[in-house]
Structure formats: C-alpha cells, structure tokens
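Enquirer: Position chain B relative to chain A; hints supplied.
Top to bottom, those sequences are chains A and B.
Everything in the first sequence is counted per this note's numbering, starting at 1 for the first residue and increasing by one.
Everything in the second sequence is counted per this note's numbering, starting at 1 for the first residue and increasing by one.
Be careful, since some hints might not be right.
What the hints assert, rightly or not - So, partial list: chain A residues that the calculated Cβ filter (under 7 Å) puts toward chain B:
1. I12
2. L47
3. L168
If you're looking for bench data, these hints aren't it; they were derived computationally from the structure.
Cβ coordinates follow ideal geometry from the N, Cα and C atoms, glycine included.
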Amino acid sequence: MILTGSAIAAAIQTGEITIDPFDPARLSPNAYDWRLGDTLRTCDGHLDAATPTTFTETGIPAAGTLLEPGLLYLGITHERTGSDTYAQLLNGDRTIGSLGIWVHVSAPLGHQGHAIRWTLEIQVAKPVRVYPGMTFGKLIFLTASGTPANYQQPQAKYATDGIDISRLYEEIEGPSL
Amino acid sequence: MILTGPEITAAAHDGRLTITPFEPAQVNPNSYNVRLGPTLVTYTSPVIDPHQPNPTQTVEIGPGGYVLQPGELYLGHTLERVGSDTFVPLLFGRSSVGRLGLFVEITAPIGDIGFHGQWTLMLSPIRPLRVYAGMKIGQIMFFVATGTVAPYRGKYQAATGPRPSCYWQDVARTSAVAS
Numbered sequence: 001m002i003l004t005g006s007a008i009a010a011a012i013q014t015g016e017i018t019i020d021p022f023d024p025a026r027l028s029p030n031a032y033d034w035r036l037g038d039t040l041r042t043c044d045g046h047l048d049a050a051t052p053t054t055f056t057e058t059g060i061p062a063a064g065t066l067l068e069p070g071l072l073y074l075g076i077t078h079e080r081t082g083s084d085t086y087a088q089l090l091n092g093d094r095t096i097g098s099l100g101i102w103v104h105v106s107a108p109l110g111h112q113g114h115a116i117r118w119t120l121e122i123q124v125a126k127p128v129r130v131y132p133g134m135t136f137g138k139l140i141f142l143t144a145s146g147t148p149a150n151y152q153q154p155q156a157k158y159a160t161d162g163i164d165i166s167r168l169y170e171e172i173e174g175p176s177l
Numbered sequence: 001m002i003l004t005g006p007e008i009t010a011a012a013h014d015g016r017l018t019i020t021p022f023e024p025a026q027v028n029p030n031s032y033n034v035r036l037g038p039t040l041v042t043y044t045s046p047v048i049d050p051h052q053p054n055p056t057q058t059v060e061i062g063p064g065g066y067v068l069q070p071g072e073l074y075l076g077h078t079l080e081r082v083g084s085d086t087f088v089p090l091l092f093g094r095s096s097v098g099r100l101g102l103f104v105e106i107t108a109p110i111g112d113i114g115f116h117g118q119w120t121l122m123l124s125p126i127r128p129l130r131v132y133a134g135m136k137i138g139q140i141m142f143f144v145a146t147g148t149v150a151p152y153r154g155k156y157q158a159a160t161g162p163r164p165s166c167y168w169q170d171v172a173r174t175s176a177v178a179s
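Chain A with its partners taken away, still in its complex shape (with noise of 0.2 Å):
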C-alpha cells in the first residue's frame, strides 16, 4: 500500500519518516515533491564496472547548468530522507519527465532504514537547463510485509551526504579474472 500525503505527515510527526528538510508545502497526494541539490559530476569517459568512474564535480549555479545530451550525470537530492518502518520509491516527476530529462530510472528502490540524500543519475534527451533547488521528482512510501531488516546492518554500502560514484568495483575483480 502506498502512503496518502497526509499519512506522510503524520509519519513524520511519529518519526517513522524523516524528510531534512521538510516543507508541508511540498506534501502531494500520495507522495513528497523532493527538490534537485546544488551540485552535479558528469562523466564524459569510458566506464568500466570493475574500476571507479572518472569525474568532474561542479555547483549549479543560481544562473543553472547547461546538461547535454550523450553525458552522463550523476546528482543529489536536496532532501535527506529515510524510515525504519516503509520503504521509498524515489523517482522524476512529468514535469521533469516532459523536459526529456531521465533521473532515477534504474534503481528507485530506497530499502527499509537507508537514510540518506540520494544519488541520482541523470541523462537528457536534449540540452536542457537545470536549476538548483528545483522541484525534480516524487517519493513515495509503501508499507511493508514481514519482519524488518536494517539496511545498516548488513551494508551500510552507501550512507554519505554527497554524490557517491558506483562502488561496484569492490565487488568485481575486474578484467584480469
């Protein structure tokens, strides 16, 4: 089930959701409208999962960032969210969607007790100016079945308030397995 905007609210009351920092304003029927952070890295190279990515890190100023199409983008969220009790569903909104810019797509899945600022990646279809602070997508809470597992737990893989490249490399050994 997924959480209505009122129910939202009033888990934040209880402390089963934190959202830092939380305007009500931004409480939508069933989700929270979450806002682009003030800072962007774009890779421009070759990838390789076995190797940390290359990267260029930059603030968006007031006056925005130019993104291109073919650059991969990796940003923040504003917002530093997380619960115990349901898990999130992180993605764009149709007013981003209908920019041509895709955030998110790939993994919108924020596990029971992962609290953090989220990580995003970003690609555009045309060039498309991008602001700091701006209204970039929803999260939405769905309620749980069986006993809890804490994210921290197990792996606390990704925990940080910044932009955090893939750390897929420790897990491959790379090309010469």
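Expert: Just chain B now, kept in the frame of chain A:
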C-alpha cells in the same frame, strides 16, 4: 505492500516464490540482487519491426567482460530463474549500476504473477561501459497482490537466456482470427 528481506527469504523457502540459485548474501532489506547472465543478444537489422521476428546476433561475455556501447540495445538476462504464484515481482537496476549510467530495463519493471524463468534485461548505457558476467546488476522486489489470481500463461513463460520481443506472435494470432 512490499516484502521485507526476511520475508523474501521465508517465501523462497516455503515456495511462495522461487529464486534459483538462491544465495542468502544477495537478500536486501526489501529486495534480492540478481546477477547478469553470460549471454547478450542484439538486433541486427537497421529497423526493428514488431510485426516480424527480428534477426539477432548472440554474444557471450568473456572473462574480460564486454563493452556496451551507447545507442545500442542489448538484451541480457538474469542468471537466476525468478517467479512467484503469489506475489507481483518488480525488477529494477541496482543503484550501483545506475550510477554507471546503465539502464537495466526499459519501461517494463512489472512482472506477472505466475511467470517463472530468467528475466530478459534491456541494457542501454549512457557512456561506453564494460560489464562482467555474474555481476550483481538488478534488484527484484515482491509486492502483495489483492484479488483472485489468474496466473501468467504468456509467450515468455519459462524463458532461458535473453528473449527478443515476440510481439509478432500476437499479430499473427490477431490476423488469423480476423481472416
């Protein structure tokens, strides 16, 4: 409702869902990490036509991995056979893979209750990307359904390896009925 990791493990043991092979270390708090199988398929004709079987070529990922190129569509597959007669499965990429600019599926994360087999992955990278067979590439989550179940009996049942689109089979059936 989405299943917790401990509930996925319990359901894998009591048969409400199947993941073969099942490895406890691949269970997450609300999902299961699936691995990339060794076979990739690409379409070889310049235009893909849903009304025809489309010619393909097959590549096996070697020990040194394989470089996926932007602009190409690679059909891959999960190493695991996954299905459930009870829960609705949803497949997405892992965040570690999304951060490498790789789309693991395109527009179709929702599975059918009653489908059992290897899942076809629709791989499309933003930048050239080397991938490796056996790497943990996606996450399958399971949702509780409400209502009576009419299980999947579709054209991809019991899939092994990547399965190209079989839309043309539906077209052939429709025109047979029409004529």
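Enquirer: Are there hints from earlier that the structure breaks, and if so, what are their numbers?
Expert: Per hint list: single violation, 1.
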